[in-house]
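Quick note: the sequence shown uses our numbering, first residue 2, plus one each step.
No lab work stands behind these hints: they were computed from the structure.
Each hint should be verified, as a subset may be incorrect.
The calculated lysine-lysine pairs, modelled on DSS-like cross-linking and capped at a C-alpha distance of 30 angstroms, are [said to hold, decoys possible]:
| id | residue 1 | residue 2 |
| --- | --- | --- |
| 1 | K54 | K233 |
| 2 | K218 | K47 |
| 3 | K218 | K269 |
| 4 | K91 | K54 |
| 5 | K218 | K233 |
| 6 | K198 | K233 |
| 7 | K198 | K269 |
| 8 | K233 | K222 |
A quick note: this is a predicted structure, and the numbers were derived from the prediction, not measured.
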Amino acid sequence: MNWIISTLHESWINLLSAFGAFMIPAFFFICLGHIVKRGEFLNALKSALPEFKLNVQLQLVNVLFSAPFVAIYVTAIHSFMIENQLHLIKPGSWDALPLVFVLFMAVFVGDFFHYWRHRLDHTRLLWPAHAVHHSDTHVSWFTSARWHPINLLTMRGIGGAAMLLMGFPPVAIIFNSFVRAYYGFFIHADVPWTYGKWGNYFVSPAMHRWHHSSEAKAFDKNFGEFFCIFDKTFGTFYLPGPCEGPLGVHHAMEPTLRGQLGYAFTPKAYVPFVKLMKRKWRALKPTTS
């Protein structure tokens, strides 16, 4: 009984914290929308309202129910890594370096790991959960809060483990999380900015919008979240200009809370993955003479 009360209390605290955390970006992006879209802002807001409501519902589910399990999962991973001294760089090695350099490296190295984590989300096994994030047909700043609980486990687990693997101090890990969260809001914003020549170095809202495009030419492009160097290095960079085409996915995923959460648990969502595994199994199976 005490566990239930404690969980409900923690969920309520998380809900209040999440509500407070969204107030500043909400005010900022409402002002930005008025400035960029001017007279078209209210029409754009009205057309995006159904998706926005669904984003709110998914966020509430994650804050109230998913957050405790994600916290336990991530804490278990971190404890295991610390107890078994699983790290590439020994903790404390960064202490002798300037703090600004350490903070920059945390964001840069974090972006490298998140680039590959993001590509992993686009594989056949994890895509049904990640597709929830991509199902928003009116991508806005709040799309960055639209996640399936399974996707949250991969994000928090892989991202957090990677930072511990590199031995970063707590201040650098917190800074990386803070920058990544708020810049994630910004690159999902409904603005046509490409950053001009700087778009070759930093991920812009236009670049990330192409990542959410439903056009085949943009599939599996622009996985970076902050720097462009990894997309350019591994051949996934795509930025022909502002993205003005359709967004979303072509899956039979109902635009309801139940449809979004349930899609990753339907066998049909994994048919391509099952077929791939069968082909690989047949290729490895020894032939009989």
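Verification of the hints:
1. K54 x K233: The hint is violated at about 35 angstroms.
2. K218 x K47: The hint holds at about 29 angstroms.
3. K218 x K269: holds (25 angstroms)
4. K91 x K54: violated (45 angstroms)
5. K218 x K233: Holds, at about 16 angstroms.
6. K198 x K233: This hinted pair holds, its Cα atoms lying about 14 angstroms apart.
7. K198 x K269: Answer violated: K198 to K269 is near 43 angstroms, above 30 angstroms.
8. K233 x K222: This hinted pair holds, its Cα atoms lying about 10 angstroms apart.
The structure does not agree with the numbered hints 1, 4 and 7 stated previously, though it agrees with the rest.
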